[in-house]
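Q: Protein chains in written order, with the numbering used here: chain A, 371 to 659; chain B, 453 to 779.
Hints were generated in silico from the structure; no laboratory data involved.
Among these hints, one or two may not hold up.
[What the hints assert, rightly or not] To list a few chain A residues with every Cβ distance to chain B over 12 Å, as calculated:
(1) Leu373
(2) Ile378
(3) Val407
(4) Gln465
(5) Val466
(6) Phe470
(7) Asp478
(8) Ile490
(9) Gly514
(10) Ser521
(11) Thr533
(12) Asp544
(13) Glu547
(14) Ala642
(15) Leu645
(16) Ser650
[Claimed, not checked] Restricting the straight-line Cα-Cα distance to at most 27 Å, the calculated cross-link-like pairs of lysine-lysine (DSSO-like) are:
(17) A:Lys546 x A:Lys457
(18) B:Lys636 x A:Lys457
(19) B:Lys761 x A:Lys460
[Said to hold, decoys possible] Incomplete in silico selection of chain A near chain B, CB under 8 Å:
(20) Asp464
(21) Gly471
(22) Phe472
(23) Leu477
(24) Lys546
(25) Met548
(26) Leu552
(27) Ile554
(28) Leu558
(29) Ala598
(30) Pro649
(31) Leu652
Heads up, the beta-carbon is just placed ideally off N, CA and C, and yes, glycines get one too.
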Amino acid sequence: MDLSSFIIQVLNGISYGLLLFLLASGLSLIFGLMGIVNLAHGSYYMLGAYIGFVIIQKTGNFLIGLLGAGVALALLGIIMERFFFRKLYKRELDQVLITFGFAYLFLDIAKGIWGGVPRILPKPPFLEGSVSILGEAFPIYRFGMILIGLSIAVLLWLFLEKTRTGNIIRAGVDDKEMVSALGINIQLYFAGIFALGALLAALGGVISGPITGAYPGLDFEILVLALAVVVVGGLGTLEGAFLGSLLIGFAETFGKALFPDFAMFTIYVTMALILIFKPSGLLGKEELK
Amino acid sequence: MKLNWRSFPFIGSIITLMALVILPSLLSAYGLSLLTQVLIYGLFAMSLDLLVGYTGLVSFNHASFFGVGAYTAAILVTRGVENFWLTLLAGIFTSLLLALLLGSLVLRSSGPYFLMITLAFGQMIFALAWRWRSLTGGDDGLSGVPRPNLGLPFSMWDSQNFYYLVLVFFVLCSVVLWKIVRSKLGRSIIGVRESESRMQALGYNTWLIKYLSYAIAGGFAGLAGVLFVYFNGFISPQQLDWSMSGLVILMVIVGGAGTLIGPVIGAGSIFILQNLISAQTERWPMSMGIIFILCVMYLRDGVAGQTIKLSKKGLKNYERIRNTKRL
Numbered sequence: 371m372d373l374s375s376f377i378i379q380v381l382n383g384i385s386y387g388l389l390l391f392l393l394a395s396g397l398s399l400i401f402g403l404m405g406i407v408n409l410a411h412g413s414y415y416m417l418g419a420y421i422g423f424v425i426i427q428k429t430g431n432f433l434i435g436l437l438g439a440g441v442a443l444a445l446l447g448i449i450m451e452r453f454f455f456r457k458l459y460k461r462e463l464d465q466v467l468i469t470f471g472f473a474y475l476f477l478d479i480a481k482g483i484w485g486g487v488p489r490i491l492p493k494p495p496f497l498e499g500s501v502s503i504l505g506e507a508f509p510i511y512r513f514g515m516i517l518i519g520l521s522i523a524v525l526l527w528l529f530l531e532k533t534r535t536g537n538i539i540r541a542g543v544d545d546k547e548m549v550s551a552l553g554i555n556i557q558l559y560f561a562g563i564f565a566l567g568a569l570l571a572a573l574g575g576v577i578s579g580p581i582t583g584a585y586p587g588l589d590f591e592i593l594v595l596a597l598a599v600v601v602v603g604g605l606g607t608l609e610g611a612f613l614g615s616l617l618i619g620f621a622e623t624f625g626k627a628l629f630p631d632f633a634m635f636t637i638y639v640t641m642a643l644i645l646i647f648k649p650s651g652l653l654g655k656e657e658l659k
Numbered sequence: 453m454k455l456n457w458r459s460f461p462f463i464g465s466i467i468t469l470m471a472l473v474i475l476p477s478l479l480s481a482y483g484l485s486l487l488t489q490v491l492i493y494g495l496f497a498m499s500l501d502l503l504v505g506y507t508g509l510v511s512f513n514h515a516s517f518f519g520v521g522a523y524t525a526a527i528l529v530t531r532g533v534e535n536f537w538l539t540l541l542a543g544i545f546t547s548l549l550l551a552l553l554l555g556s557l558v559l560r561s562s563g564p565y566f567l568m569i570t571l572a573f574g575q576m577i578f579a580l581a582w583r584w585r586s587l588t589g590g591d592d593g594l595s596g597v598p599r600p601n602l603g604l605p606f607s608m609w610d611s612q613n614f615y616y617l618v619l620v621f622f623v624l625c626s627v628v629l630w631k632i633v634r635s636k637l638g639r640s641i642i643g644v645r646e647s648e649s650r651m652q653a654l655g656y657n658t659w660l661i662k663y664l665s666y667a668i669a670g671g672f673a674g675l676a677g678v679l680f681v682y683f684n685g686f687i688s689p690q691q692l693d694w695s696m697s698g699l700v701i702l703m704v705i706v707g708g709a710g711t712l713i714g715p716v717i718g719a720g721s722i723f724i725l726q727n728l729i730s731a732q733t734e735r736w737p738m739s740m741g742i743i744f745i746l747c748v749m750y751l752r753d754g755v756a757g758q759t760i761k762l763s764k765k766g767l768k769n770y771e772r773i774r775n776t777k778r779l
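Extracted from the complex, chain B is given alone in its bound form:
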């Protein structure tokens, strides 16, 4: 394989993966827990990117799917179901089901209506988790979720082992999501973002395309939620209210929408910032609001988006130089 600018993403992901494999042995316990969270939230943010960046649907209730996945796993575990795979599948399944149900309602609208309606239904799910005390534990939440037992010779209570479990899921899901956006479905999803009417004129069922995208995003968010509850051991309604949905939108924007890798970078930056700022002051939400405003105004393409823009410029320059040399 000839090395050139085009092979950069491939080489980049290999290097990143190697770094992610090696890092745990270098990090402190605190750093490792932070990195585990970055991967979980990165996956969550990637699933939202499918909607915000690729489909062009700014969904304000993505935390609902994350939370419902997490609650499903927590409810099953605290009621005696010990099989990790069963709770994982159940978590993904309920989130998917919720996405299919909500999607059939919210996708009747578009643009500003879509935004408002997702926000309102997100608050409904939050209210449900808060009020349905017998199932969800109300505002106390559900605690005492142990690390999963996979029947493997090593325990998941070890944070390094659990980190690698999350890493495996993270890599698998990234590959699947990458394949999806590169597939025929992914192309038509981008087509809907660019011009829905043109896609309709070409004979595509744009409603179905959006519906599928919504459901896939919901399912992956549910998976991230299940991983989160096993990591955290505790889930409360806070995990699915509007501020959480806003946080994950911020991750997507900071990193760069429509890039998949961007939201992961966004999750990383937000977590690092949150930790730095929370150490100094109690006013983290205020800082978050300011970062939100500044990013929208001055960093609209996000970190990854800017890099891609610059590298594309670089690619053009590189090819221009090569072409002139040939002449």
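Same shape as in the complex, but just chain A:
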């Protein structure tokens, strides 16, 4: 691998990692606050990409598609929390199983509406084209991805660290009972965090849409990667999700470049190593059981 393709792989790894971060941060926060591993999280990503595709086709504007998909999926998240998870309060295992049922449901709905053919989202016109890095072409859109991903990461971090709502969410991750004992309606935040998680996942789906497209099966492909991220980085913290995302992003892109046939195994090897040496993830909170 020469220098130019190395740089390109590094940039690919970063952009892919940031994409995974959009998914994994929501997954991790939902788990931290509610104790649910949301197996329908990949479905939000896939549905987000599809809805973005439809809106962009209708309006011709990428940004409207991005926002529309985000809002639609945030609503879906709130509905799922309000009508299903709330009824299973304190039954964490059942909540996980129910998300699995939803994953089936969403996959089949998507298949029914859009069929099996991948739908490639158009790039926004101002991010068309490519630049040359040491003689090799690199699409500008990837730079856009890195920029959007980084800005969302920073905004999310500011939101969690600097606002009152963020403080309550972080406190809830640490000790739910204590937060509600302080007179805060934690149920309200459950719905909010579900909406936020779904919104972030949908944004990820639309952003990756011009590159990977939307197709049935995307949901579980990306879910497995997001699960790998939280296993590696540790559940419940934003930092863990960020570190894990970049690691898995690099493992995936370099794996694909170095051993194309068995690319996914770099991820599983990374996961196995983490499990052997640090079962709760790199930055995960130690389980006190």
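Assemble chain B onto chain A, guided by the hints.
A: Coordinates of chain B only, in the frame set by chain A:
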């Protein structure tokens, strides 16, 4: 033997067994093939129940063991190994080996981590079956697995004979699994489910108990996989991806986890529903998702679990009536 409520499970299983022996002569060819599948998947679901219901480990990659057992048999058969017993043993052995290997990794975690990690490694096995074209035939799968030749005077190509072969395995495995959950090991497995820390305090090696349970479940799933590939004649990566693992979890939940018999009932109900719904619409997975959601919300103990609860209530009532009569 005095007849009372307590002898119900025994009598029930005798009646069920008799029904299973007689049924083939009453069923159409299609019904018989359905019943054979119910037994195979019932066995598969029972093996998962050992993990989900008894050990309290919700494993999302149980289809891996089923699939690896099936692939092992298919690979051997398509490469010229004709001995049924050899392929059966090889299938069980590879699944067991995989369970021992994966178990040493996934059991380092618990709760939500366990769930996620089993799901991820399950997808790894799926990807392996899909990519390792020279061995597994890739997404075309392996076809042309004939019915086994046991050297008996009757042919297994006859669906009734093959059904009875599956039935023999099904009954044997059920008895063994029943013995296991009733044994000292089974009791300690349930102990781990109820309170792992208390079992540790009592001096049990809870990791080993979980490991054994994981391996046993994997082995039985492998056996079911071998039976499946001989029945189906064909195996593809679809048989070991997440949706298959989900299907078998659904069977366990519909029937009732922690009852062994429940998952078999679950397998039966799911197959009947699948056939009824698939005849009406192509959207079976959607219906499956909805059934999944409804079962988790409203039928958490499953069919068998509810029945046992009700019969226990009945037992209590019965004894109360008897006791008051005596007074």
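Q: Please go over all the hints and tell whether each is borne out by the structure.
A: Right, here's what the structure says about each hint:
1. Against chain B, the non-interface label of A:Leu373 holds: every CB pair exceeds 12 Å, the least being about 30 Å.
2. With a cut of 12 Å on Cβ distances, A:Ile378 stays outside the contact zone with chain B, its closest approach being about 25 Å.
3. With a least CB separation of 5 Å from chain B, A:Val407 falls inside the 12 Å interface cut-off, contrary to its annotation.
4. Residue-level check failed: A:Gln465 sits 8 Å from the nearest beta carbon of chain B, not beyond 12 Å.
5. With 12 Å as the threshold on Cβ separation, the claim that A:Val466 sits away from chain B is violated: the shortest Cβ distance comes to roughly 6 Å.
6. The beta carbon of A:Phe470 is not kept farther than 12 Å from every beta carbon of chain B, the shortest such distance being approximately 6 Å.
7. Listed as outside the interface, A:Asp478 is inconsistent with that label: its C-beta sits roughly 4 Å from the nearest C-beta of chain B, within the 12 Å cut-off.
8. Non-interface call for A:Ile490 relative to chain B: holds, since the shortest CB-CB distance, roughly 23 Å, exceeds 12 Å.
9. Every beta carbon of chain B lies more than 12 Å from that of A:Gly514, the smallest distance being close to 30 Å; the non-interface claim holds.
10. For A:Ser521, the condition that its CB be more than 12 Å from all CB atoms of chain B holds, with the nearest at approximately 28 Å.
11. At roughly 27 Å from the closest C-beta of chain B, the C-beta of A:Thr533 stays outside 12 Å, upholding its exclusion from the interface.
12. Residue placement check: A:Asp544 keeps its beta carbon more than 12 Å from all beta carbons of chain B (closest about 17 Å).
13. At roughly 18 Å from the closest C-beta of chain B, the C-beta of A:Glu547 stays outside 12 Å, upholding its exclusion from the interface.
14. Non-interface status of A:Ala642 relative to chain B is broken: a Cβ of that chain comes within 12 Å, the nearest being about 6 Å off.
15. Listed as a non-interface residue, A:Leu645 fails to keep its Cβ farther than 12 Å from every Cβ of chain B; the least gap is roughly 5 Å.
16. Under the 12 Å C-beta cut-off, the non-interface status given to A:Ser650 relative to chain B is violated; the minimum distance is some 7 Å.
17. Note on A:Lys546 and A:Lys457: the hinted pairing holds, with a Cα-Cα distance of about 18 Å set against a maximum of 27 Å.
18. Taking the CA atoms of B:Lys636 and A:Lys457, the gap is near 38 Å; set against the 27 Å cutoff, the hint is violated.
19. This hinted pair checks out: B:Lys761 and A:Lys460 have alpha carbons roughly 22 Å apart, not beyond 27 Å.
20. At its closest, the beta carbon of A:Asp464 sits 5 Å from a beta carbon of chain B; the interface hint therefore holds under the 8 Å criterion.
21. This hint holds: A:Gly471 has a C-beta 3 Å from the nearest C-beta of chain B, less than the 8 Å allowed.
22. Checking A:Phe472 against chain B: minimum C-beta separation of about 7 Å stays under 8 Å; hint holds.
23. Contact between A:Leu477 and chain B, as hinted, is supported at the beta carbon level, the nearest pair being about 7 Å apart and thus within 8 Å.
24. About 15 Å separates the beta-carbon of A:Lys546 from the nearest beta-carbon of chain B, more than 8 Å, and the hint is not met.
25. Taking 8 Å as the C-beta cut-off, the interface hint given for A:Met548 is violated, the closest approach to chain B being about 21 Å.
26. Restraint check, A:Leu552 versus chain B: the minimum CB separation of about 26 Å is more than 8 Å; hint violated.
27. With a least beta-carbon distance of about 24 Å to chain B, the hint placing A:Ile554 at the interface is violated under the 8 Å criterion.
28. With a least beta-carbon distance of about 22 Å to chain B, the hint placing A:Leu558 at the interface is violated under the 8 Å criterion.
29. The criterion of a C-beta within 8 Å of any C-beta in chain B is met by A:Ala598, whose closest approach is roughly 6 Å, and the hint holds.
30. Taking 8 Å as the C-beta contact cut-off toward chain B, the hint placing A:Pro649 at the interface holds, the least distance being around 4 Å.
31. Interface restraint check: A:Leu652 against chain B, minimum CB-CB distance 13 Å, threshold 8 Å, status violated.
The earlier numbered hints that this structure contradicts are 3, 4, 5, 6, 7, 14, 15, 16, 18, 24, 25, 26, 27, 28 and 31.
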